[in-house]
Structure formats: C-alpha cells, structure tokens
Amino acid sequence: MSPLCFAPLASVFSPLMWLVQHHLLVILGDVVQVDTWVSSSGKNGMRRDWLLRDCKTGETLTRASSVWVMMNKQTRKLSKMPDEVRAEIGPYFVDTPPVIDDDGRKLPKLDDSTAEYIRQGLTPRWSDLDVNQHVNNVKYIGWILESAPLPILESHELSSMMMEYRRECGRDSMLQSLTAVSGASVGGLLESGSVECQHLLRLEDGPEVVRGRTEWRPKHATNFEKLCQIPAESA
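Sequential numbering from 1 applies to the sequence shown in the numbering used here.
One or more hints might be untrue.
As the list claims (entries may be wrong) - Lysine-lysine pairs mimicking DSSO-like chemistry, simulated, CA-CA at most 27 Å apart:
hint	residue 1	residue 2
1	219	56
2	80	43
3	106	43
To be clear, the hints were calculated from the coordinates, so they are not data collected in a lab.
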C-alpha cells in the first residue's frame, strides 16, 4: 500500500502536474481504517483506489476510485506522462482491478431546459483553493448538493457519487449548480425508494466544470416516517 500523499520527484522539477479526472464513491458507513494504492490507467493516466474499513471487524465502509491525468502548469493543457515520471512511479503500481466497477454510462449534459433545479452565484473562498490554486474536490461536492432538492436531502442519504472534471475552477470563478432527478418525482419519494440525480457545475458564462451523478437511498425507516408526519398546520 502506498501513502496518501504521492508526489514523484521527477514531477517536482517539471512544469507538469497531476490532475484528477474523475471520482467514483460508494458511501456505506463511518471511516476507521484507510488503505490506498495506485495503478496505471490507460497510456497516460494513473488510478488511485481507496478502501475504508472498520479496523475491528474488517467490514468495508467506503470504497473510492479516481483517475488522474497530467496537466502542464504553464499551458494549462493535458499532457502525456514523461518517461522519467513513468519510470519512477511505475514500480509502485499495483496490478489490480478498480475497487468500484464503472457501469460505463456516460454523464449527460444538463442545461436550462433539462435541469429541474438551478442554484446560481456560487463562488469559492480562499480556503477552498489547493496549492495549485484550484478549487478542492470537497467544495465541488458541496456545490453539487446546493441544487439537490431539499426533500431528497431530508428523506434520503447519499449512497454513491461519480464526478467527471472537465475544466479548471479558480478563485475568481462564479458558478451555477444544476440538478435533474431521474426516474422519480420528488413528490413521490416515499414510494420510489432509491433515487438518482444528474448534476452539472458550470461557469456563469457557460463552460462546464464538472458533470456528476449521485444515487440516494432512503434513510432509516423510522426517521423517514417522522419526516412524513408533519402536522397540517405547520406544512
């Protein structure tokens, strides 16, 4: 297993840097123990997987898989992996399949006509930026949830997420968050069970930043029933 922070020396003195391309997450419980390793992904990518387990029982709590590509810090364009970087990190690659199976479905593009919920005026704070002056991944998740319907947030819990990064986002960016609910109406959550949502983060002037898909499962039945038992005078 490799450490959480992995920075090849060859890339430190290069204009290239690693850039996460997409994340897959499956959330099953609390985090106690973390194992992580790297593998190759195509000709110019690197995959990092995580396995989060209960250290007492060995039960898997959360699995995550991400694909990383290289970007030139000067041109801000994707780049091939230099041979010296590949030679340095290659011995650390573990030849294993991803911990999460990708179903192969493409993430659709949402727009004003297909999105059911839109949140505007989202801007990053200084604390949201990483060392490359990019908005960090956690902030993207928060922005996606900004446009998720409130009834889903109240009655369901996030069970899986996929994010595909398509453009940089910096400190001066202003974004919009778009969400569409697939295959279920928000008014019929009690009968629908699991719910799937499609998401898009875009700059105010149009370019896409992140496409995403989330899956939600009902919260504990007793908690859901309490949410549904709202007195008529307070509804």
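Hint by hint, here is what the structure shows:
1. 219 - 56: Answer holds: residue 219 to residue 56 is near 25 Å, not above 27 Å.
2. 80 - 43: Holds, at about 8 Å.
3. 106 - 43: holds (21 Å)
Every hint, counting from the list given before, is met by this structure.
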